[in-house]
Structure formats: C-alpha cells, structure tokens
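Take the given structure of chain A and dock chain B to it, following the hints.
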Amino acid sequence: MSMPTVEVVGIEKSFLRTRALNGVTFDASAGITGLLGPNGAGKTTLLRMMATVLAPDSGDLRLLGWDPRKADERLAIRRRLGYMPQEPGFHRQFTAFEFVDYVAILKEMTERRGRHDEVRRVLSLVGLESQASKKIKNLSGGMRRRVAFAQALLGDPDLLVLDEPTAGLDPEQRLRFREIVSERSADRTVILSTHQTEDVAALCPRVVVMLDGKALFDGTPKDLADVARGRVWMATERAATAHLSWRTADGGHRNIGDAPAEADLVEPTVEDGYLLLVGNRAFEEEAA
Amino acid sequence: MMSDWHADEALLARYAADELDDARAYSVEAHLMACPTCRNVLAPMADTSRIDAMWAEVADRVDAPSVGVVERGLLRLGVKGYAARLLAATPSLRLSWLAAEALVLGFAVLAANSASGRPEADAVTLIFLMTAAFLPVVGIAVAFGPGVDPVYEIGVSAPMRSYRLLLLRATAVLATSLCFTFVASLALPRLDWTAAAWLLPSLGLSLGTMALATYVRPLHAAIAVGFAWILITVAAAFAPSDPLAVFRVGGQVASLLIVTVSTWVLAHRRGTFEEEIFV
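Chains A and B, in that order, give the protein sequences.
Per this note's numbering, the very first residue in the first sequence carries number 118; after that it's consecutive.
Per this note's numbering, the very first residue in the second sequence carries number 1400; after that it's consecutive.
Just so you know, not all the hints are guaranteed correct.
Unchecked claim - Which bits of chain A does chain B cover? Going by a derived footprint, with three or more residues having C-beta under 8 Å, they are:
#1 168-177
#2 189-203
#3 221-231
Claimed, not checked - Listed below are the simulated DSSO-like cross-link pairs for lysine-lysine, each with C-alpha atoms no more than 30 Å apart in a straight line:
#4 B:Lys1479 <-> A:Lys251
#5 A:Lys331 <-> A:Lys187
#6 A:Lys252 <-> B:Lys1479
#7 B:Lys1479 <-> A:Lys254
Note that these hints are calculated values from the structure, not bench results.
All values derive from a computational prediction rather than experimental measurement.
Positions of the beta carbon are idealized from the N, C-alpha and C atoms, including for glycine.
Here chain A stands alone, though its shape is the one from the complex (with noise of 0.2 Å):
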C-alpha cells in the first residue's frame, strides 16, 4: 500500500456548542476515499479542513505530507489541492468561461494563454465547452455543479476533495463524473463525501461511514456490505422484527433486521450495510 498523503488523527472541532468533530481518525492514500454519512455527521467539516479552510481545535492533520497549520507548508498544499464545495458560491454575472479564468488566476495561473487552454481543459472535460459563454445566472443547477467541479479540476491537482460533488446532476452526468474521477484516481489521492450509496459502490475502493464527528466504519464497500450479510430479507409485507423495511417496485418489502417469518436472505448491497450501521447506531442512542 502507497504512504498515506492524507493523515487524520484525532482531530475535534466545535461551533459554539455544537461538536461537529469528535476525534475522527483515519488516513487515505492515492485513490477514491469516500465519506458516507447523515446530514451533520462533520463530513463537509472535515473537508473543509482537508481544503486548507478550517482549521482544527485539536488533534493532527497532514495533508501531502505537509501541516496545513504552517503557512509555508499550508501554501505548498494549496499549490496541488482542488477543492470543490458542497455550496459552491459563483460570481452570477460571470460566464462559466469567466468564472472558472477566475479561480485559475486565483491559483497563480497568471500567463494568460495558457490559462485560457486550461480553462477549455476542464470546461470540456466536464461536458461544458458548448456553454463557455453562457452566464452562469442563466445555467441550470446540474451546470453549475459541473462548473463548480472543472474549477476543482483546474492544474490536475494532487488531492482532489469534492464535496456532494453529484448533488443536482443527472444519471448521465454522474457517469461522466464517474469517468473522470477514477481517471484521476490512479496517482492522486480523490477524498469525496456522498449521500449517494450507489456512488460508493460504483466509485470509491475505500469508504469511510461518519456519524457524529467520528469514524464508524473504515473499509471497502463490499466490507460495508457485509455488514449486513444475513439481515436483509425480502418478504411480502412489513417485518415487525426490521430496523429498517420499504416497499420494492416489484411489491415486495425489502426487511433489514432480524429474520421475519416466511422471508428470503438476499443479498446485501452497500446501502444495507450502510443503513443498518447508521441505523443501529440511532437506535442505541435512543435507548441510551
């Protein structure tokens, strides 16, 4: 396995009374980490940190080697990150030509020229070279996140951190993203967070599950799957004994928990894993 180029070790943070960050731990190396969780897990917190933008209360961070507290080292970091927000800002009056010159000018790409092939890089990369002059008031929702993400891709940065980056997009777009993300991931370290079970699956060889601001569960997807090897039954109605139950499209009931009557092991899919994780882990808090 490669050195780790993203080192997280007990790391807490807190807004006010809020703990967003309770001592998450974990590291990744070159490839597709993802961060799976619940709203206010401290997923975007923690990203925001990896993106140079938060800084810690405590505990150690190093990203490429380097202590983002340094403003030399912090520098050197900026130098090869790629950040993509989970609510990236635009200047409205821009066109996404403009817009993504912006952030390159930003990231000291001053020779103009070179710049503007770069800018035509990313664009096209993300499927945008027709929409170039198009202000970015007037693009959709699922345009704008493709602008927000070229931005990210702009220098072909050593650690790229994307935040929800498939929010808002369509089935094929999230193909496309798929394509250029593991494109990517070969010799750069990809650190992603979804809400999306299915991008985990198709995407990251590595997921990371956080639920109030810590690391539940560290594995591949197929570990996370296991999870629920033996709990996910299909049946033809509800199971009083399921943590969790839905209605399939094909009528059935989709049962994780304990064994209902007359019911099928199936399966599990990182979804079922990923639930009965989060899920056991709300029930154990309710009781306590």
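Just chain B, lined up with the frame of chain A:
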C-alpha cells in the same frame, strides 16, 4: 502558370533559415507562390513553431468570450488582464454600486447647494463630509470576505494570497470612491478647505477598517468603524464652538496618525488573512 525551373534545396534551406538578402528572398517567395513542388520541398525545412504560436494566439483571442463592461473599462485603463478579472468580481465595482455611490454623493451636493447661505449650511456640509469620508469604507466592506464574496471559500483554498486580493480590491474601490468624491466636491457651493477635508479622514477610515479586519471579518470591521465614525462626528457637531471640528487641523492630524498605525498593523498582521478566523 507552373514553370519547369525549381529552386535547389540549398537555396530553399537558406530561405527557411532567413539567411537570404531581401531581393533573393522576394524572388524565392514569388516562385514559391506559383510552384507546389518547391513548396513541398520547403515544408519540412520550415520552423512552424512561430506560426503555430501566432495561430494559437489568434484562436485564443477569437475563442475567449467577450468581457463585461467593468472589465473592458479596466483593460482600457491599462490594468493587466488577470487583475481586471479579479477586480470585475468585486461587488463594489459593479455598475449598480457605482451608480448608487454617485447618487448618494449627488444628493449630498444638492443638499449642500440648497442650504448655502442659510443657518443650516454647516450641518449640511458636515453630512457631505461624513458621507464622503465613509463611502470607501462601505465599498471595501463589500469587496472582500465571507458573506460578501460568494467565491471566498474557493479563494481561501487557492494559493493566491487573500491579503493580495484584499489590497488589490481595496485600492480599486478607494481610487474609484476618491475620484467620485473629488468630482462631487467641485460642485460644492464653497470651494475652500472643506472641499478636500474629507480626504485624510477617508484614508484613515479605510485603512483603519482593513487593519481591524485582521482581527474580525471585514464586514464587521466596517460596521464597527462606521459606528465609531458617526458617533464621533455627531458628538462633535453638537459642540457649540465648531461643528466641523473633526475635519479641522486636530482631526486631520488624528487621521494621519490612524493612517500610519493602520498601515503598520496591516503590514505586520497580513498573514491572518490566510488563516481560518474569517470562515
């Protein structure tokens, strides 16, 4: 018409290397225009990198989308392309903002002219001076920082120093405001010392806001400075001796002191703009 004569390779090689004198080069060129055989011989000898570079430059100019009004104006003023783009994203340099600024100053000048020769003339002059000195502070407050710059978070994670961006935008906002106010001052009924009395306090308030912004968000710094400024000028206005005392010698010296101290604080604490305290 194609001739049977062809230039020899050595001649073409010297032409490609730009070693021929003008007369011979023109002769070879004239022949090349009519002779595809010689053009084919010449083709591999020619250094196309310059032509490629020129073509790429033309393609880039043609492909790049046209820029907005503010950016175009900045480019015409000689501002570099990348700096013009950074400034075009400044909320307080947009046309709507500049129009609002001109409107505020216009009303202040109008009021000063209407009150001329009447007992309330000094009070109206005071309002003009207060407004003129404070306008750049408002502009700087909405030029940079979280809550006002929608791309602030992406900007912080980028290697360009936030301090540099703040200085660039603040300078542009200050320069624009000073120009507007200077023009407005010329329309005042009295063209004496009061027409320029806003200048030093304006610089003091602007730099004071930026210095305070090394401790708190720029918007909060501007609010604090604005509150203090209104408090001081209004309190001075009620002084029986001289309502314009803030703008006379004592006030000017104090402003100069604030400019000096603020510049020092800014220079020594500029690193804080790269940290997380504003996020």
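Does the alpha-carbon distance linking Lys252 (chain A) and Lys1479 (chain B) stay inside the 30 Å limit? holds, 23 Å
Quick one, are Lys1479 (chain B) and Lys251 (chain A) close enough, alpha carbons at most 30 Å? Status holds; Cα separation ~24 Å.
Count the residues of the segment 168-177 of chain A with a beta-carbon closer than 8 Å to any beta-carbon of chain B: does the count reach three? With 5 residues close enough to chain B, the hint holds.
Taking only the CA atoms, is the gap from Lys331 (chain A) to Lys187 (chain A) under or equal to 30 Å? holds, 25 Å
Satisfaction of hint between Lys254 (chain A) and Lys1479 (chain B), Cα-Cα up to 30 Å: holds, 26 Å
If you look at each residue in the segment 221-231 of chain A, do at least three have a Cβ nearer than 8 Å to any Cβ of chain B? It holds: at least three residues are needed, and the segment 221-231 of chain A offers 7 whose Cβ sits within less than 8 Å of chain B.
According to a criterion of three or more residues whose C-beta lies within less than 8 Å of a C-beta of chain B, is the segment 189-203 of chain A covered? holds (count 7)
Against the hints set out earlier in the document, no violation occurs for any number.
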